[in-house]
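Q: In order, the protein sequences belong to chains A and B. Every number in the numbering used here is 87 more than the matching position in the first sequence, counting from 1. Every number in the numbering used here is 87 more than the matching position in the second sequence, counting from 1.
Treat the hints with caution; some may be incorrect.
If several chains are the same, the list does not tell them apart, and a pair holds so long as it fits within one copy or across any two.
Derived pair list, reagent style DSBU-like, types lysine-lysine, alpha-carbon separation capped at 30 Å [said to hold, decoys possible]:
#	residue 1	residue 2
1	322	562
2	508	104
3	154	112
4	684	562
5	104	534
6	185	112
7	679	637
8	365	668
9	679	362
10	565	679
11	365	104
12	362	270
13	637	668
14	668	565
15	668	322
16	152	216
Note that these hints are calculated values from the structure, not bench results.
Below, each chain spelled out in residue letters.
There are 2 protein chains.
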Amino acid sequence: MVTLLVNTLESPWARLKPIPIENVKIMDQFWAPRLKTLREETLPSQYNLMEETGRIDNFRRAAGKIKGPFRGAYYNDSDVYKWVEAACLTLAYERDQKIATLLTNVIDEIVAAQDEDGYLNTYFTYEKKRLRWTNLRDMHELYCAGHLFQAAIAYHRSTGEKELLTTAVRFADHIASVFGPGKRRGTPGHPEIEMALVELYRETRKEEYLELAQFFLDQRGYGLIGGSIVLIDHKPFRQLDEIVGHAVRAIYLCCGATDIFMETGERELYETLEKLWKNMVYKRMYVTGGVGSRHAGEAFGDDYELPNRRAYSETCASVANVMWNWRMLLATGESRFTDIMELALYNAALAGISLNGREYFYVNPLADRGRHRRQRWFGCACCPPNIARLLASVPGMIYSTSDNAIWVHLYVASVARIELKGNEVRITQETEYPWDGRIDVTVEPSKDDEFSLYLRIPGWCRAATVNVNGRKVRKSVKPSNYLEISRVWGTGDRVEIELDMPVTLLKSHPYVLNNNYRVAIKRGPVVYCLEQADNPEYDVWNIAIVPETKFTATYEPELLGGVVVIEGNGIGLDISAWNNKLYAEMDEVQVKAIPVKFKAVPYYAWANRSPGPMIVWIQALGFNTLQGGKKLYKA
Amino acid sequence: MVTLLVNTLESPWARLKPIPIENVKIMDQFWAPRLKTLREETLPSQYNLMEETGRIDNFRRAAGKIKGPFRGAYYNDSDVYKWVEAACLTLAYERDQKIATLLTNVIDEIVAAQDEDGYLNTYFTYEKKRLRWTNLRDMHELYCAGHLFQAAIAYHRSTGEKELLTTAVRFADHIASVFGPGKRRGTPGHPEIEMALVELYRETRKEEYLELAQFFLDQRGYGLIGGSIVLIDHKPFRQLDEIVGHAVRAIYLCCGATDIFMETGERELYETLEKLWKNMVYKRMYVTGGVGSRHAGEAFGDDYELPNRRAYSETCASVANVMWNWRMLLATGESRFTDIMELALYNAALAGISLNGREYFYVNPLADRGRHRRQRWFGCACCPPNIARLLASVPGMIYSTSDNAIWVHLYVASVARIELKGNEVRITQETEYPWDGRIDVTVEPSKDDEFSLYLRIPGWCRAATVNVNGRKVRKSVKPSNYLEISRVWGTGDRVEIELDMPVTLLKSHPYVLNNNYRVAIKRGPVVYCLEQADNPEYDVWNIAIVPETKFTATYEPELLGGVVVIEGNGIGLDISAWNNKLYAEMDEVQVKAIPVKFKAVPYYAWANRSPGPMIVWIQALGFNTLQGGKKLYKA
């Protein structure tokens with residue numbers, strides 16, 4: 088049984104429990120082809136690249152099977168572990184012989200590389216052995232260990248094989264023999280091991296691992312790793328009041344803290360998590376769900392510091408954002424977390440991988456002049472296997488359960504078998520989501536029983552209707568909410584959900600200075616952009632939307648793997664009078680306006696065609712969202 | 088005779104020649120108090136900090152006078168040299184016994200630290216000696232050497248003493264014995280030595296130095312120092328077509344190339360300089376004259392990438408911008424260079440130092456929430472002595488001469504003695520510039536003679552009138568131009584210049600996305616900002632200018648050392664409806680507008696009072712600078 092990412096089945100403070108990934112079969116036009124590409128293109132090509140770049144050889148070298156120097160960066164083991172995790176999740180979902188063979192091979196190499204004392208890191212071998220645990224700040228030993236644990240758990244859940252889990256447990260025991268109360272102090276420069284240790288505790292029920300996770304969290308903020316803000320070591324975790332530092336580190340740390348909360352129920356920890364989440368979502372997150380706006384330090388910026396062209400918005404940070412919100416959702420059952428999870432998944436994270444499944448963005452700008460293109464690999468290749476394991480986990484994030492309820496988080500055409508109090512409930516979703524807001528849900532329990540169905544009404548949806556067996560649900564249907572339908576369910580019960588999904592224009596808080604007088608197009612969970620390939624006539628940076636713009640939304644099955652495009656009439660700005668001027672007096676330069684048609688495509692699909700300008704925040708002219716303003720200054 | 092920065096007296100391709108700094112006496116309310124503060128506060132306090140931080144002890148240690156480890160960063164010698172240069176220029180202008188004593192002391196320490204073979208760098212001594220010249224990319228040996236040469240030249244010109252110049256020449260000869268055609272290849276990671284070597288050539292007439300400068304320039308771009316863009320080593324200099332990389336490095340390199348051009352007249356070199364200058368000024372420069380918009384790599388951004396809040400705009404880069412434009416002006420006599428020189432001087436560079444002369448900005452944002460404050464020193468303390476040497480050189484940048492002409496570049500109340508063909512011409516400027524556009528110039532040649540007076544009509548000035556002895560000059564007076572007045576000049580001749588100096592609003596090229604619908608206030612050469620201290624009622628980020636805003640300009644002698652403030656009526660935006668929302672649909676959030684008075688102060692003077700928000704690019708509401716736009720989309 089491959090419960091995904093977080094197995095809270097026995098976590099006392101977790102409101103929701105995940106369901107096994109293998110019990111969900113996706114049959115849609117959106118995710119199903121992506122999971123196929125993941126199996127057939129992404130995972131095999133990443134495996135080859137890991138071989139090419141010496142990442143797997145490093146394990147062979149550590150095991151004494153081959154000679155030669157360590158290759159690449161000291162944190163490269165983690166890429167292999169993330170690939171293993173992605174492959175395991177994929178196999179749980181659908182058996183693929185090629186992937187299974189690659190997986191067996193690489194796991195043999197990993198297991199063989201472990202030291203007698205349980206230590207496992209291919210960089211710290213031979214002449215580097217004496218440097219083990221001497222630089223927790225920079226050298227990512229605990230980070231790599233965490234990814235090993237997650238990979239081992241995924242392998243165990245996916246295959247039932249104990250081999251890699253034994254390796255992980257031996258390493259965890261070794262770490263626990265070195266670090267902990269009364270032993271050595273320390274905390275990792277890059278969080279990751281915290282959530283991995285909690286999951287290892289869930290898998291093995293060895294409380295020592297939970298305690299060690301808490302120990303690493305509690306050691307943070309006392310300068311043991313230098314005290315920097317980038318490493319979130321400037322303050323103890325429970326004293327943090329804004330989300331700062333390296334974005335991936337910050338969110339992985341929050342993931343670990345959320346996992347710890349689900350086991351301990353520590354209120355103070357949850358209050359800190361709430362504070363950080365609100366700071367992130369209210370002030371430091373892109374409209375795509377991307378986070379970490381600064382190139383310098385790959386870090387969160389200040390409040391409202393969200394540049395578009397120089398956005399960092401690392402793919403790994405978007406993956407982390409999904410992971411954290413999934414945990415917060417499990418902890419609370421609150422739909423605001425599902426909203427952000429869905430947002431980051433469909434937009435910022437998904438943009439990280441090309442449609443062909445073989446190229447990746449590390450950095451995800453929201454405006455570009457055509458230079459930024461996906462790469463097949465990176466020296467620091469954290470993002471490719473991270474997006475792979477995220478995609479592989481999508482089937483596991485659609486549902487979860489609580490005591491007497493089934494929760495529907497994501498709308499995806501699929502069939503699922505869900506165990507609830509000994510009853511096996513078959514749930515079928517028929518929908519064109521995310522392109523259409525109509526979802527038909529069929530509920531088929533193995534025997535009639537009373538339980539609740541919690542249906543997510545997304546935050547983006549202002550009007551929704553829900554019918555059960557043709558009769559409208561009387562409860563008020565509010566956005567960003569779970570609608571509880573409690574009844575005796577029997578075979579053939581049918582729920583019809585109609586989520587109003589118009590084209591909407593979003594504006595930004597005025598302090599996001601670069602978005603003033605600009606709007607983003609969004610429809611349902613999908614954020615759009617203008618890309619040059621669809622708009623040959625005008626540089627898309629010069630297209631403006633006006634209040635009279637009418638939008639149409641059309642599904643184009645042949646475009647970009649099948650997308651709804653949004654078209655409208657706006658104006659094209661002829662800015663040629665600005666030629667060679669950077670600054671001008673108000674009356675010195677006039678921009679000419681010409682009627683123009685534009686076509687927007689989903690942001691996640693950009694840069695899959697010929698290079699050219701792209702923009703998410705489109706100029707908006709003539710809108711007045713000011714109360715009293717015109718009266719005040721009109722002559 | 089202390090000719091400043093660049094002594095082009097015998098440079099064959101330089102159109103203009105500088106005049107000695109000691110021949111200009113500034114008597115205004117703007118620069119004279121700053122030069123006094125420089126002598127009395129800045130230079131003594133910097134000297135103390137150099138002692139405190141071990142920078143001077145490093146020389147004593149190298150000379151064997153004291154024991155102990157090298158202190159600070161490997162490039163710290165350069166700070167001492169820049170301080171020496173600033174002190175020499177200051178002494179040329181006005182004898183100050185305290186400065187003179189400090190100068191003599193530190194020069195003794197420098198001279199004593201030189202090795203027998205001429206080498207001089209206090210980091211590469213004792214156990215580090217064997218590492219000399221092994222890492223030109225990172226270790227700043229040639230950079231420090233360049234600053235030593237400039238300091239030595241300034242000392243020689245200022246005092247006539249040869250001691251430090253001899254040290255410089257010995258070191259230069261040592262460098263020439265190591266590097267050059269047929270010897271070792273190499274180029275510095277941080278340019279600086281190029282312009283220093285050309286100046287040393289001008290001072291000594293040893294052609295070897297000019298050749299070596301050219302050698303270092305020509306070696307660049309072949310990967311000798313790694314081939315990175317940040318170090319401008321990705322292409323040979325003459326193949327560059329955009330200004331990229333670390334901003335200070337890039338502009339120092341251009342300074343050196345301009346100096347080389349003035350000696351060799353190499354057309355290709357000048358064409359590259361033109362291309363880079365245009366790219367910088369038309370696409371990559373802040374409205375303040377600041378450059379280098381990226382924190383990452385302290386580097387130039389892409390075209391139009393000019394964030395305000397995350398501006399880098401290093402103080403040293405603004406100093407460099409003044410230096411380069413001064414050189415381009417000398418090379419060509421074209422006023423567009425003087426315009427940028429003046430802009431960077433009065434705004435981006437001047438903001439680098441506090442009004443009390445003892446605190447500095449390294450980074451100069453154009454919008455802030457109140458956290459960014461000047462510091463008394465930095466671990467990397469390049470900026471403080473750089474701004475000191477720039478301020479000390481202002482008297483030398485007001486005038487220059489050509490064959491039969493005197494050029495007036497800057498308007499500053501002052502008296503100058505200028506040698507022209509054996510005639511000593513006394514020029515007196517009476518003016519309140521930069522606060523007022525009226526300048527009365529009195530010309531008093533020792534004997535009547537025919538020559539030209541070139542008066543700069545600044546680029547910011549749209550309307551100017553010039554009278555000679557009460558009679559209007561007939562020539563058309565164009566902005567960004569030198570107006571030539573050719574006549575027989577005799578004692579008592581008086582030129583009255585009236586530069587129209589209204590309050591102007593500037594807008595930015597539409598691709599500077601963060602400045603859309605925002606304006607900057609400028610008056611004459613001075614860029615303004617809104618600072619919270621003057622506008623207690625509304626967060627200055629929420630103040631907007633409207634088309635009906637009327638501006639007044641008032642001189643306030645007690646404020647910020649005496650400034651013209653700009654006041655007006657605008658609107659204050661109540662954005663409280665945005666509370667805890669980052670994105671909203673168009674009709675979801677309304678901002679309320681309330682009439683408000685605002686007061687703007689010069690940008691250079693910001694952050695000298697209580698901390699609070701500041702903004703240069705102010706919201707502008709209701710302006711229509713679109714031709715045809717309204718018609719197109721109005722119902």
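Q: If the cutoff is 30 Å on CA atoms, where do residue 365 and residue 104 land: within, between, both or neither? Let me know, please.
A: within (24 Å within a copy, 62 Å between copies)
Q: Evaluate residue 362 and residue 270 at a C-alpha cut-off of 30 Å and name the case that applies: within, between, both or neither.
A: Neither. Shortest intra-copy (32 Å) and inter-copy (63 Å) distances fail the 30 Å Cα cut-off.
Q: What label fits residue 684 with residue 562 when the C-alpha limit is 30 Å: within, between, both, or neither?
A: The answer is neither: 42 Å in one copy and 50 Å across copies each exceed 30 Å.
Q: Given a CA cutoff of 30 Å, do residue 365 and residue 668 count as a within-copy pair, a between-copy pair, both, or neither?
A: Cα proximity of residue 365 and residue 668: across copies only (10 Å, versus 41 Å in one copy).
Q: If the cutoff is 30 Å on CA atoms, where do residue 322 and residue 562 land: within, between, both or neither? Let me know, please.
A: Classified as neither: same-chain Cα gap 45 Å, cross-chain 68 Å, threshold 30 Å.
Q: How would you label the pair residue 679, residue 637 (within, between, both, or neither) given a Cα cut-off of 30 Å?
A: For residue 679 and residue 637, both the intra-copy (21 Å) and inter-copy (27 Å) Cα distances are at most 30 Å.
Q: At most 30 Å between alpha carbons: which applies to residue 154 and residue 112, within, between, both or neither?
A: Answer is neither: 45 Å inside a copy and 75 Å across each miss the 30 Å cutoff.
Q: Reference check for the pair residue 668 and residue 322, CA-CA at most 30 Å: within, between, both, or neither?
A: Classified as between: cross-chain Cα gap 27 Å, same-chain 47 Å, threshold 30 Å.
Q: Taking 30 Å as the upper bound on the Cα-Cα distance, should residue 152 and residue 216 be classified as within, between, both, or neither?
A: within (17 Å within a copy, 43 Å between copies)
Q: Go through the copies and call it for residue 637 and residue 668: within, between, both or neither, with a Cα cutoff of 30 Å.
A: Between copies, since 26 Å is at most 30 Å while 34 Å is not.
Q: When no copy is specified for residue 185 and residue 112, does a C-alpha distance of 30 Å or less occur within a copy, between copies, both, or neither?
A: For residue 185 and residue 112, only the intra-copy Cα distance (20 Å) is at most 30 Å; the inter-copy one is 84 Å.
Q: What label fits residue 679 with residue 362 when the C-alpha limit is 30 Å: within, between, both, or neither?
A: between (47 Å within a copy, 28 Å between copies)
Violated hints, listed in ascending order, are 1, 3, 4, 12; each of the other numbered hints is respected by the structure.
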